[in-house]
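J.: Protein chains in written order, with this note's numbering: chain F, 1 to 235; chain Z, 1 to 424.
In case anyone wonders, no lab produced these hints; they're calculated from the structure. Glycine included, C-beta positions come from ideal geometry on N, C-alpha and C. Be aware that one or more of the hints could be misleading.
Unchecked claim - Stretch by stretch, here's where chain F covers chain Z in the computed footprint (C-beta under 8 Å, at least three residues): (1) 302-315; (2) 321-332; (3) 412-421.
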Amino acid sequence: MSDNAIKYIVETEKVFRSYPVGKSRVEVLRGVSWQVARGEWSCLFGASGCGKTTLLNLLGGLEKPDSGVVRVAGVNLASLGRRAAAKFRSERVGFVFQSYCLLPELNILDNAALPARLAGKSAGEAVERAAALLKMMGLDRRLRHRPAELSGGEQQRAAIARALVNDPDLLLADEPTGNLDSRTGREVLELFARLRAERGQSIVMITHNRDIAKLADRSSELVDGEISPQNISEL
Amino acid sequence: MTLRTELFLAWSYLRPKRSAVSLITVFSVLGVTLGVAVLMVVVAVMTGFTDIMKQKMIETQAHFQVHGRGGRMLYSPELVIKAVEQAGGRGAAVIQTPVLVQTDGRRLDTRTALFGVSADALRKELGFDRYLKAGRLSLEKDEVVISSDMSRRWQVGVGDRVIIHSPQRLTSLVKFDGGGGLKLNPEASAYLPAEFRVAGIYSVGKYDFDRMVLFVGLEDAAELIGIPWGAAGAVFGWGPDPFDQKTMIEKLKDALPGYEVTTWQQDNAQFLGVLATEKNMMFFLLIFIVLVAAFSIANTLITSVYQKTREIGILKALGATDRAVMSIFVLQGLLIGTVGSTCGVALGFLVVTFRMNIMNTVSTLLHVELFPKEFYYFDELPAHIVGSDVAWIVIPSILLCTAGALLPALRAAVLDPAKALRYE
Numbered sequence: 001m002s003d004n005a006i007k008y009i010v011e012t013e014k015v016f017r018s019y020p021v022g023k024s025r026v027e028v029l030r031g032v033s034w035q036v037a038r039g040e041w042s043c044l045f046g047a048s049g050c051g052k053t054t055l056l057n058l059l060g061g062l063e064k065p066d067s068g069v070v071r072v073a074g075v076n077l078a079s080l081g082r083r084a085a086a087k088f089r090s091e092r093v094g095f096v097f098q099s100y101c102l103l104p105e106l107n108i109l110d111n112a113a114l115p116a117r118l119a120g121k122s123a124g125e126a127v128e129r130a131a132a133l134l135k136m137m138g139l140d141r142r143l144r145h146r147p148a149e150l151s152g153g154e155q156q157r158a159a160i161a162r163a164l165v166n167d168p169d170l171l172l173a174d175e176p177t178g179n180l181d182s183r184t185g186r187e188v189l190e191l192f193a194r195l196r197a198e199r200g201q202s203i204v205m206i207t208h209n210r211d212i213a214k215l216a217d218r219s220s221e222l223v224d225g226e227i228s229p230q231n232i233s234e235l
Numbered sequence: 001m002t003l004r005t006e007l008f009l010a011w012s013y014l015r016p017k018r019s020a021v022s023l024i025t026v027f028s029v030l031g032v033t034l035g036v037a038v039l040m041v042v043v044a045v046m047t048g049f050t051d052i053m054k055q056k057m058i059e060t061q062a063h064f065q066v067h068g069r070g071g072r073m074l075y076s077p078e079l080v081i082k083a084v085e086q087a088g089g090r091g092a093a094v095i096q097t098p099v100l101v102q103t104d105g106r107r108l109d110t111r112t113a114l115f116g117v118s119a120d121a122l123r124k125e126l127g128f129d130r131y132l133k134a135g136r137l138s139l140e141k142d143e144v145v146i147s148s149d150m151s152r153r154w155q156v157g158v159g160d161r162v163i164i165h166s167p168q169r170l171t172s173l174v175k176f177d178g179g180g181g182l183k184l185n186p187e188a189s190a191y192l193p194a195e196f197r198v199a200g201i202y203s204v205g206k207y208d209f210d211r212m213v214l215f216v217g218l219e220d221a222a223e224l225i226g227i228p229w230g231a232a233g234a235v236f237g238w239g240p241d242p243f244d245q246k247t248m249i250e251k252l253k254d255a256l257p258g259y260e261v262t263t264w265q266q267d268n269a270q271f272l273g274v275l276a277t278e279k280n281m282m283f284f285l286l287i288f289i290v291l292v293a294a295f296s297i298a299n300t301l302i303t304s305v306y307q308k309t310r311e312i313g314i315l316k317a318l319g320a321t322d323r324a325v326m327s328i329f330v331l332q333g334l335l336i337g338t339v340g341s342t343c344g345v346a347l348g349f350l351v352v353t354f355r356m357n358i359m360n361t362v363s364t365l366l367h368v369e370l371f372p373k374e375f376y377y378f379d380e381l382p383a384h385i386v387g388s389d390v391a392w393i394v395i396p397s398i399l400l401c402t403a404g405a406l407l408p409a410l411r412a413a414v415l416d417p418a419k420a421l422r423y424e
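This is chain F alone, in the form it adopts within the complex (with noise of 0.2 Å):
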């Protein structure tokens, strides 16, 4: 089945993840069945502790489900090795962070243009790509500056210009406005809105904040570890 043809660009079922807490297990997915469609904003809402992270993990391919599959881009991520599950991290997604985690001895152009070099383009074609995509953050004239040297927002729009360097399928954000104050949170939230609108890109973003959760195309609580079954527009 071709990429285009993949209706769903997430896909999980009946997902179990537990970690071993002393010498007891504590399950922090329990069944977790969730589709997101190609080209959809979608966003996982819940409180603290309540597994989003871990499902987050689990789509971006860095860590595997107990039982259960997810599926991303058509792919199932249980069945990928070490070394494949880098490759397909490297290619298919992208990651935001609420702490933006840029490597502080790089400048925002370097760790902008990591990913690509990190998939084995060239330094040159890799340093293009991120010029570009952080000319459209509006950094063009941030680029030799290192991550200490730029506020909470623009390391942001640095951190997501580098989730997006190497035109991935599904854009993976955790709190991404976590760390930001109001203004700036917003600002990137409409970023990820005119992504999805310009570029047609796939995201998952996670939050804690029910407003932030509402202005995704669509909304999904996670309650101790399940997908609850109401749409968050009605709670």
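Chain Z: place on chain F using the hints.
T.: Relative to chain F, chain Z alone:
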């Protein structure tokens, strides 16, 4: 991920900036630099010392010697000398024997080696004129050239006489009678010791040589030990380059199948072996400095892996493979080793170049003479940097530093990306 990207990230992690990590990097590099520099200096001094010892050695020795097989006399040494000349060298017939020396006061010196040789050979091949302290370098009939040490011990000077006994002739005068007693050997011809007049006094400046060696003419020596005139114990040879005479020696061996040809290196194998062993021991002892530096690198990188756990998680989230993450940290060890070794070689080269200025400054500051001339034969601390020695220092140093990075690199490689991202 390409090697260029891994190198780029490794270099970025090491790049000096105002932070503790960079300071640690600088100290790691310094550790390797100092280790390599110390190794460079010590090995250069040991090599220089060995070179000078070899040079001093061949100043008073033949480059090679030709003997009859099983210690046989050479009854026609001129044929051997001709073969030596055809092989590209120069030769001189020599008789070498221990003797007993008696002086007027009936003092007997039993530790003397007599060399029967022509004055011409002494002059041309060993440059003996420069060692002459009194009298003439003359070995005419009944003339002897002794050392200034002998002159002092025996209290004889130029023109004085000494009596030289041949131990071989003396021992041939008596034989065991079979009943446990001794009797005169009826077959032995009458023997009288030879009397010589001191023609000259030399001083080479080498303790053993000056203590033991005296020279007489070849014919006098033959007469003293009772061998036919014109015969010799050996032919001593000299070539154009004592350090590169393999081809000439092979030619000579082919031309003289019934003879034994030995080089000065073979004749002094034990001493040269001690020098080589000493140099190797110094190398192996001092390489431990670099080993300690490698441990320091391992320590630094283990700390760095802990400090950068979250960054490693980010790299993996962005698509870096385990191998790529491992390479980044191994390359850090390699970079530290390479930069440290390069700086070490440069520092070592500087110290070797300015060694006498450094020593003089330290001597002046501490009021202690670090290199007393009376204990050594040299005016300055010898040193010689050899390319192969530098390679033997640099390559193991870089390898040790890279090996030091392996353990932390492995830890970074196996980090679980999700756990690493949660690390605070």
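J.: Name the hints, by number, that the structure is in violation of.
T.: Those not satisfied: there are none.
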